[in-house]
Structure formats: C-alpha cells, structure tokens
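Those sequence lines, one after another, are chains A and B.
443 is the number that my numbering gives the last residue of the first sequence; the numbers go up by one with no jumps.
443 is the number that my numbering gives the last residue of the second sequence; the numbers go up by one with no jumps.
In case anyone wonders, no lab produced these hints; they're calculated from the structure.
Keep in mind that the hints are not guaranteed to be accurate.
If several chains are the same, the list does not tell them apart, and a pair holds so long as it fits within one copy or across any two.
[Said to hold, decoys possible] Taking lysine to any residue and the SDA-like style, the derived pairs with C-alpha atoms no more than 25 Å apart in a straight line are:
{"id": "1", "residue 1": "K190", "residue 2": "L336"}
{"id": "2", "residue 1": "K245", "residue 2": "A384"}
{"id": "3", "residue 1": "K245", "residue 2": "L271"}
{"id": "4", "residue 1": "K245", "residue 2": "G136"}
{"id": "5", "residue 1": "K270", "residue 2": "V292"}
{"id": "6", "residue 1": "K190", "residue 2": "G160"}
{"id": "7", "residue 1": "K270", "residue 2": "P304"}
{"id": "8", "residue 1": "K272", "residue 2": "A183"}
{"id": "9", "residue 1": "K272", "residue 2": "R126"}
{"id": "10", "residue 1": "K270", "residue 2": "G405"}
As the structure is a computational prediction, the values presented were derived from the model and not from experiment.
Protein chains: 2
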Amino acid sequence: MSPAINRQIVLNSRPRGEPTLHDFRLEEQAIPEPGDGQVLSRTIYLSLDPYMRGRMNEGPSYVPPIALGGVMGGGTVSRVVASRHPSFKVGDLVSSFNGWQDYALSDGSDLNLIDSRLAQPSLALSLLGMTGFTAYHGLLNIGKPQAGETVVVASATGAVGSVVGQIAKLKGTRAVGIAGGAEKCRYAVDVLGFDVCIDHRAPDFAAQLAAATPDGIDVYFENVGGAVFEAVLPLLNINARVPVCGLIAHYNATELPAGPNLVPQLMSRVLTRRILIQGFIIADHFATGFAAFQRDMSPWVAEGKVQMREAFVDGLEQAPQALIDLLAGRHFGKVVVNVNPL
Amino acid sequence: MSPAINRQIVLNSRPRGEPTLHDFRLEEQAIPEPGDGQVLSRTIYLSLDPYMRGRMNEGPSYVPPIALGGVMGGGTVSRVVASRHPSFKVGDLVSSFNGWQDYALSDGSDLNLIDSRLAQPSLALSLLGMTGFTAYHGLLNIGKPQAGETVVVASATGAVGSVVGQIAKLKGTRAVGIAGGAEKCRYAVDVLGFDVCIDHRAPDFAAQLAAATPDGIDVYFENVGGAVFEAVLPLLNINARVPVCGLIAHYNATELPAGPNLVPQLMSRVLTRRILIQGFIIADHFATGFAAFQRDMSPWVAEGKVQMREAFVDGLEQAPQALIDLLAGRHFGKVVVNVNPL
Chain A
102 MSPAINRQIV
112 LNSRPRGEPT
122 LHDFRLEEQA
132 IPEPGDGQVL
142 SRTIYLSLDP
152 YMRGRMNEGP
162 SYVPPIALGG
172 VMGGGTVSRV
182 VASRHPSFKV
192 GDLVSSFNGW
202 QDYALSDGSD
212 LNLIDSRLAQ
222 PSLALSLLGM
232 TGFTAYHGLL
242 NIGKPQAGET
252 VVVASATGAV
262 GSVVGQIAKL
272 KGTRAVGIAG
282 GAEKCRYAVD
292 VLGFDVCIDH
302 RAPDFAAQLA
312 AATPDGIDVY
322 FENVGGAVFE
332 AVLPLLNINA
342 RVPVCGLIAH
352 YNATELPAGP
362 NLVPQLMSRV
372 LTRRILIQGF
382 IIADHFATGF
392 AAFQRDMSPW
402 VAEGKVQMRE
412 AFVDGLEQAP
422 QALIDLLAGR
432 HFGKVVVNVN
442 PL
Chain B
102 MSPAINRQIV
112 LNSRPRGEPT
122 LHDFRLEEQA
132 IPEPGDGQVL
142 SRTIYLSLDP
152 YMRGRMNEGP
162 SYVPPIALGG
172 VMGGGTVSRV
182 VASRHPSFKV
192 GDLVSSFNGW
202 QDYALSDGSD
212 LNLIDSRLAQ
222 PSLALSLLGM
232 TGFTAYHGLL
242 NIGKPQAGET
252 VVVASATGAV
262 GSVVGQIAKL
272 KGTRAVGIAG
282 GAEKCRYAVD
292 VLGFDVCIDH
302 RAPDFAAQLA
312 AATPDGIDVY
322 FENVGGAVFE
332 AVLPLLNINA
342 RVPVCGLIAH
352 YNATELPAGP
362 NLVPQLMSRV
372 LTRRILIQGF
382 IIADHFATGF
392 AAFQRDMSPW
402 VAEGKVQMRE
412 AFVDGLEQAP
422 QALIDLLAGR
432 HFGKVVVNVN
442 PL
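Given the sequences, and given the hints that come with them, work out the whole structure.
Okay, structure coming up:
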C-alpha cells in the first residue's frame, strides 16, 4: 500500500551538540504532481550518513545548511510513480535524492536508473553509490596505497571504513582497523578481512595501535578525528598520506577542546615526515571519477570480493533516532531506513 | 692568504630554546690531506639556513642531528686546493657541503662545478642552489598556482620567500607577502614585485591580511607557522594548497603553546574546504627535479627576472651570532658568511 499523503521529516530546531528528537518534526503534505519534464518517485530506502549532522547547523559546512522547517536531505532509492520526463517511466527503480519523505519531484538530473540485475537495490546507497565511491576515491586517488604498505582505517566497520579496508586488502596492503568494541573488531577481522583491528575504547589504545603497526603507517584514512588522530600521528611514516573524509568525533562538539594547542606539533610532523593531508568531498568527484569507480566496483561486488553490512531501520518516523544513534556510534554497518516497500 | 689551520665551529651544547653563543665552540685542526679519490676544498661562502636549528637538537628532525662536538653542517661554495679525483682540479669553484669550517674533504659525490659565467658565485647557495630549488619545487610542484589565483608567502623577504614571490608573479598570480616591519614590506613590494605586503607585527595583522586577499587564498607557502598560519587558515579557499617548507616560529619553542587545541578546527577546515597540506624536504627532490629547476631558473636569473638580496657576514667566527640573528628574524635576505676570499 502506497501512502496517500507525503510524510516529511523537517528540521524543527538547530541542535546544540548532540541532536535530540525535538530537533525534528513530522509533517504531512499532499503528494505533489509532476509538471512537464518532471518525475515523481516514491522513496523506498533512505540513506543515513554522518554528513547530515553538518547540514543541521546554521553555518556553512561542505554542504549547504538545511533551512529551519525544510525537509531533511538525503540519498534514496525510489520507484517512479509518475513521469513527464522522456528518460524515466513508471516502475523504474532509481537512485535519487528524495530526502526524508515519502515522495519527491525531480527534473531527472539527479536520478540514475538502478541496474535491474542488482539483487539488493539498497546497495545503490552504499557499495555502489556515494559510500563506496567515497572509500574508493579517498583511498586510491589520495591515499595511493602500494602493496606491502600499512593502511589504517578509523571506523573500520562503518559504511565507508569497511569498504576502505576491503579495497586496501585487494591492493595487497596490511590493513589495520580501528573500531569501538570487541564485537565490531571481530567482525572487521573475520568478515571484512582486516589483518588486525584495535578497540579505540581500550585504555591502552595508543600502545596497541603502535604494536599493530610495527612498520609505521603509510596511509591513514581519516573519518573520525579527535583522540584517534592523535594516536595515529606519531606513527605516520615519511611520505604518509592522510585522506580526510570525515571527522565524526567533532560533529557534535560545541566548544574547542582544552589545550595545549597541538597545531604546531601536527605541522612539525607534517614537515619532518613530508606528510600529505588532503580533505575531499565526494560530490566534487562524481563527474570525473564515478564511471571508473563503477567499472572497478561492480565486478568486486558481483564476485563477493567487497561486501556491505547494512543496518536496516523500519519506518521513516524512526529516522531521527537512527541518525542520533549513528552519530553516537551505536549502529553497526550502513544505516538504511526502510521508508516504503520495494 | 689561506689559513694554515682548519678552523671549525662545533656544537658545544644542545640549546634549549634560542641558541646562545655558548652552544658553539671554535676549534683548530690540521688541514687534512686528500686520499685517493678525494678532493680538498677551501670554504669561500657558507650558507646559513633555518633548518640548522633542527640539527642542533638531539631528537630526529628531517635531517640527522649533529653530534655534540661535531662540526656544524652547511652548504658552501668552495675552491678546490688539492685533488686526487679525476673530475675536479685545483682552482675549480664548486658548490659543496663543507659546513662551518675552512677546509673539508669530499669524495666528489656532493660537489658540483659552478658555472664560471656566474657573476656572483654566492648565488650558487641561494637562487641557483637549495634556496631557489626549495622555492621553485614547493610553489610549482605542490602549490601549483594558476594565473589569477592568490598566493600568500610568509617570510616574504627571506631567502626562500623572496624567490617564491618572484616566481608567483612570473606565473601571473596575485602575490601577497607577509614580513616583519615596514622596511621589509616596502622591499617586498618595490623590489621583489609583491602586489602587497602585510606586516605581521601590526596589531590588526589578521584583518589586514583578510583585506589584502579579497578573493581568498589559493596557495599559502608555509615557512613560518604560529600566529601567521592561524591568520591564514580562515582565508583559505576551497581546494587551496599549502606546501609546508618550514616553521621557523616553532624552532626555538621549548613547550607546547597554551590551549585551546586548534587541531580539530584545522582538520575541519581541511575537510570542508578540501585543502591540501603537504610537507616537503628539498633533499628528497634533487635527483628528480633539480635539472628542471636549473633549466627554468638559470635564464630567469640571467635576465634579471628573479633576484636575491644577500646579507653578508664577515668571518667564520661570526657564524654563531649570525644564525641566532637569523632565527630571530634580524636579517634581511639570504645570509651568507664570507669565510675565505674568493
């Protein structure tokens, strides 16, 4: 049964620190009608991602902020239910940016048909979509790992980190994961194929990380920040590369951390070890790199060489709590909201 | 008159913070005799450079530490006075690494003949040597400035910074210098051709820098660190590049600066602005890049397009005070010690 109204979750207030349920509001609107050249699609899967926290702030992040009262944005898999666009017909399954709502209109420019051979269409949100592309681009185009080098991946069981680790192994490197807790660490080694995984909650985390990287660290895929980065920094080798993909440890921060100021120490290390640190936003690279990514990743997925653990959450109304949990590290795998049946 | 003994300045003690004269000691040794395959040369010019401070420390820097009692190292221009090496003959003028002493032996591997057409042989230490190559490599191979972009150079009248600014102008960019005091700033604009130069001692330095970079900063050539870097950071554009060549503001530091810890802020900026920060040590790049540098730089120097202000200091015994002054920013231009007559 398709809903006869369009449920939307909008930004009710800007969070200070950790978001709460009061920062979101459920609204109901009429289902819009497509105009000429437009497509109406129904959301099936909604991707939840750490970057969404940044869009809830007022200030500029790397993506524009969501207006107060505006629908929360997000990548989706959806089904075309009405079309006045020549490239899309009713019944097509598309990757889309419907955001946190049942229905959305599009002019087609942000829609991509999903290969009907894909057994698990939600993977278009992760392995075969933005998540996988983020891991692939950051690791291979910035990190440039060579066989035999050591690659360290924070959030090793997170959506992006898990793909980074699997690609790192395909490239013949030693892959060291960092994750929160014994269960995630076991999964990283047993299922994802990391050589070793360190629990960042362990009191002797820094010493364990040093012991696990006897030849130092050549590539550190940064998507955490904070104390993990501080433990990694002294272990970086000469000519190490640090793709900076995310900093989830900072996203809920409301003030600067106490001193001392470690910027001079960081920059000295960058100089003496000839380290490269490069931030990237995957949206910049779709035009130039997505085709190459798809060419490499599709067979890896088809052959089972790269896999994705998905954490499904049932119902659009659960999305706010699921995002709060994601930011607190309480999920395990790629968080996908089941919004409507396939 | 050539000295009949070999005066050497050795490391007497490791400085804590700013070096003092007591950290150096003058010794006298017999002039060594070249063995088979060796060259003996007399030092004419000795280059003084900020990196020497790092070598006085015990810990690893990007160059190995000097042993207590060891001769201070350094690039030199020298004259061959005895040779048992087929490629060098008595009277040849060579660039060399004799260090802080009158005479040194070499197996020839670190010697390069100086073009006899060079009117000013001391330029082999600066424009046509390590200084110029440092500026060239950092700016062009890491900074990659495009015509119309804004390049900011700290220590704009320093040996490296002055070359960075002049090359930046040759490449059609807007070049903004940062220097200490009105005299240096005038020189940066009037002689070196910077579009504007900001005095970092001004109480409203950060505001002046922002006003001087209305289109933001695309390349920041870092050789200072500290407060200057903090003022630059908020002005860096999306996809800005920061070659990290030196951090003179930190070299004499004995403790970490007070908080707050600004690393999270720095890394957030790196992420959201997609900034590249890359440390480099020019010694890594001689084999792959020096020939290209010479090809470009030699005609620029011959045509007067790039020039170098040299600050000559007379006498080897003055070198310790001259290095102390250099680290305190009391010199103006490339510091060269006249050790022996040409």
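These are the hints, each one checked on the structure:
no. : hint           : in the structure
1   : K190 with L336 : neither (54 Å within a copy, 47 Å between copies)
2   : K245 with A384 : both (20 Å within a copy, 22 Å between copies)
3   : K245 with L271 : within (13 Å within a copy, 32 Å between copies)
4   : K245 with G136 : neither (46 Å within a copy, 46 Å between copies)
5   : K270 with V292 : within (12 Å within a copy, 55 Å between copies)
6   : K190 with G160 : neither (39 Å within a copy, 68 Å between copies)
7   : K270 with P304 : neither (28 Å within a copy, 53 Å between copies)
8   : K272 with A183 : neither (44 Å within a copy, 54 Å between copies)
9   : K272 with R126 : neither (45 Å within a copy, 53 Å between copies)
10  : K270 with G405 : within (14 Å within a copy, 54 Å between copies)
In the structure shown, a violation is registered for the earlier hints numbered 1, 4, 6, 7, 8, 9, in ascending order.
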